[in-house]
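Colleague: One letter stands for each residue in the lines below.
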Amino acid sequence: MLYRILFFIVASAALFVQAQDIPPVASNSLRISYMGSVTYPGFKVGYEMPYKHTQVFKERRTGVKTFIKERSLNVNFGMYHHPTFHDNYFLQTEWNLRRQKSKGMFYEFSPGMGASRTFLTSATYKVDDRGNVSKIPMAGNYYALLSVSGSAGYNFTVRGNLPGKVYVKPGLIFLFPYSKLAYVRPTVELGYSWNLSK
Amino acid sequence: MIKHKSLLIILFALLFHSCQKDDFSKSGIINDHFFLHSDGQNMPVTVAGNLDPGKLLLIVHGGPGGNALAYRNKYVKANVESEFAVVYWYQRYAGNSQGNGGDTHISAYRNDLRKLIQLLKSIYGADKKVYLFAHSWGGFLAPYFLVHEENQTLVDGWIQVGGAHDYALNDSLTHQMLKSIGKQEIEAGNNLKEWDPIVEWCETNDHNGSKNAAKLNRYANFAETLIHEIERPDIFGSDLSIMLANQISITSGLANSLASNYYDITQPAYDVKLRNELHIITLPTMLLWGKYDFVCPTGLMDELIEHLESTAPESHIFEKAGHAPMYNEPELFWETVIRFVTNH
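Chains as they are written, first to last, in our numbering: chain W, 1 to 198; chain S, 1001 to 1344.
So here's chain S without its partners, still in its complex pose (with noise of 0.2 angstroms):
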């Protein structure tokens, strides 16, 4: 009996064995994997692609709760990922990450991406750029983290895709922007089934509360898929199987996904005035939107642009792109993003 009990507490050891890699190389090919442990989320953060140039390319999803790992498709594998090495970080309340709790406030994803950016210097070195790609909601948490007190002198570079640094803008932004192209569709007789109710909601409804800001968010999304002049390649495989081949759990995203509406983790950044401070940012800046972005409108770059005088920001707009013009036009998208990355 004792020669069982011995031999089942060495099968238990064997299984509970696992090896947790922590010494990172510095330079070369990586794909590492490890967790941001913050404020009762552990959060997981993975880098791939080629450290030799010293730069990483930090994607700040969308969301909130959008999934990271989304943006690492084929294509980024095979041309970005060649470049420099891109780091997919895992809001609170996102995709895998995970824990009992922990703040739901904005300013405690403010904190973890602060804690991230040191981490990652701690990993791979303090001589390492790092450069922000803020896309959506994530176009929010980059200027509000940048603004805040020392955080931009932890960055070299901000390139903002269809970004909502003001959430009352954008609303009123998109409101306006489905009213106007959506009669000129009715005009043109394109869509009329679909086109019709929601001009008639944007006629008798304004964008103000959270109620009108998720049905405008629904109607914007639905809006993209009824414009023909956005391109869409079907080149990157469905997001279920970008999410199976990175193992991230779908429940748990869609957990995370829930909690965040839930908790109704947008309505502070509603308060927030980003463009009184955005005069503060001297970082080399880069802005890129669809032209047919009914999400985050152009007019949320314009205002950018008036407001961040000092750093003089690079802007583009892909004609043939919506919210996400790195799915729509890859190739154009992620060469302007890879010569700015290496010019700055």
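Okay, chain W solo, but in the shape it has when bound (with noise of 0.2 angstroms):
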């Protein structure tokens, strides 16, 4: 399964990164990540839109300091697999609150929310009343879906060598109603983000 997720990251990176050119600090951009969670493996690709940029100057005694606030929204699609437990594929839209450093590192804050399908890794069977066994097919769950996370990265478009961000990024994703109440689940990303347009 691990490499069936590599694989797929890879290949779906090469469909779009062929279309690239030098683009600003902010940028339309496609998101792809490693999205684990302890040894359990996953992925995450998601399309992001910048819709605000602010410069800011910050007063400091070693002078001016600046950096740039920058808000967009993602939208996402992914996995994670858990042998013995289920795989769990959901749809997400994340607000990124991100500052960006002038020297090409940055830092995010991303609530998200979205909804997602398990899918029972194991032969799910129902027995009725009479004893009758029968198997359910596709069995699994819906769950609304909503998502915390921080991340810190480099921005390798501030110096301008290539299109792009790489970030590592941990997270909670919560899932409800999960018996009656509401599953955490913790996740690390290791992703990068491609820019897309000027």
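Honestly, the hints are just simulated from the structure, not real lab data.
All C-beta atoms in this analysis are idealised placements derived from N, C-alpha and C, irrespective of residue type, glycine included.
Treat each hint with caution, since some may be false.
Label pairs and their computed distance ranges (CB to CB) [claimed, not checked]:
(1) L162/W to K1077/S: 45 to 53 angstroms
(2) T1342/S to R130/W: 44 to 52 angstroms
(3) D1206/S to Y142/W: 28 to 36 angstroms
(4) V75/W to E1335/S: 54 to 62 angstroms
(5) R130/W to E1335/S: 33 to 41 angstroms
Got two chains here, each in a separate frame; can you build the complex from them with the hints?
Modeller: See the structure below:
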């Protein structure tokens, strides 16, 4: 399963990366990441649409410090695979609050929401009142999804050498209603974001 | 562009494709995993071990919200699964069980157990013998299941381990045991700082009500850590390592445990008086208890012996054990279980 996911990430990237140009700091971009949870693999692909870009100047004793506040919306599709538990496929929108430093480092805070469908990883059966057994195809559940994550990364376009960013993004996914309450899943993303437009 | 779209569709198809085994072997060494769907919950079932003797030991775990695969430590894998197959079933609102909701009443657990046995017989053959291995809360669920309608005809034996078949009696016995052993320990000068508040609380509070029951349960678990006679062999690895080895979602276990507490699943059990119906059970029965079981004291075993006249149950008390004799004296404990299952 891990190899399938890695293959998918690399192959998907190849489809989009050919139309690159040197972009400005804020641009529409394609995000692709490995999204794991402890030892369980997954991935996430998304499209980022920036809508606000503010340059901030702050006076410090050492001089004037500048950074850029960026706001964007992401639309993501992702999944993770947890053997003996479930595979979860989800659609998600995230609101990105990014602080871009002048030397290339950036930090993000990203709350999100969406919907997910789990698929149980093994055959699933039901038994009726007469004791008749039948298999349930595509067994699983729909859940509402909330997420929150913070990330740190480096934007190569600031120095103009590569059209994108790398980032590491720890976060939490909440599925509900799960057993009448909520399920929390810690995740870590390692990703790359390709700039697609000027 | 069409080429790109086609490639993406193929990639997605590869990802979505997953193999779901449903051609289960009916003999030999097996290690199967499947789910039972019942009333809003999908409950994972692992069946592992030697199917050749035609016997399945079905673990009815503690809790509610406990961990079925916690029983599957290195010792059990090596010494019990080699003798017969063991069924590790996560009850609703426990471990990796999942779903949007589902009934939380104890009768739903009883229905699940019946469905599970019917499913096991459908998968592995109607000729397979099923033995209930009920621990703690599972020790309420098993007799609650067995006395209902024709359920006991589905199973071939019942092993009760530190079980709570009578919740009200259980609380009163725990209260009594904490007070009496606590006083003895204080007189002997053992762990005064720890025992003093326990005995003081027991002398000023009774066992009635859910708050007192919860407090007694916490004290009972803590009291076991103060008894030096209880053996604690460190041969299994930590609970965390067992959970990771069995790919249990820790946060699902936490969510389900929280739900079990929040919905107070055991509350209706206080109104069920099984003692009046225990005589219905005619199965081969074995009762296994730890001498220092503060959580479900040995008085519960005495009551079972009194009301299970027709089965003439075997009973064993493990002298160096508490609420989980399978961990405290694993060799003696599992030898006893294997002998019972082999002989019946």
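Colleague: Now tell me if each hint is right for this structure.
Modeller: Okay, the hints, checked on the actual structure:
1. L162/W to K1077/S: 45 to 53 angstroms: holds, 50 angstroms
2. T1342/S to R130/W: 44 to 52 angstroms: Since T1342/S and R130/W have Cβ atoms about 33 angstroms apart, the given range 44 to 52 angstroms is violated.
3. D1206/S to Y142/W: 28 to 36 angstroms: Taking Cβ atoms as reference, D1206/S and Y142/W lie about 47 angstroms apart, which means the hint is violated.
4. V75/W to E1335/S: 54 to 62 angstroms: holds, 60 angstroms
5. R130/W to E1335/S: 33 to 41 angstroms: Between R130/W and E1335/S, where Cβ atoms are some 40 angstroms apart, the hint holds.
The structure shown violates the earlier hints numbered 2, 3.
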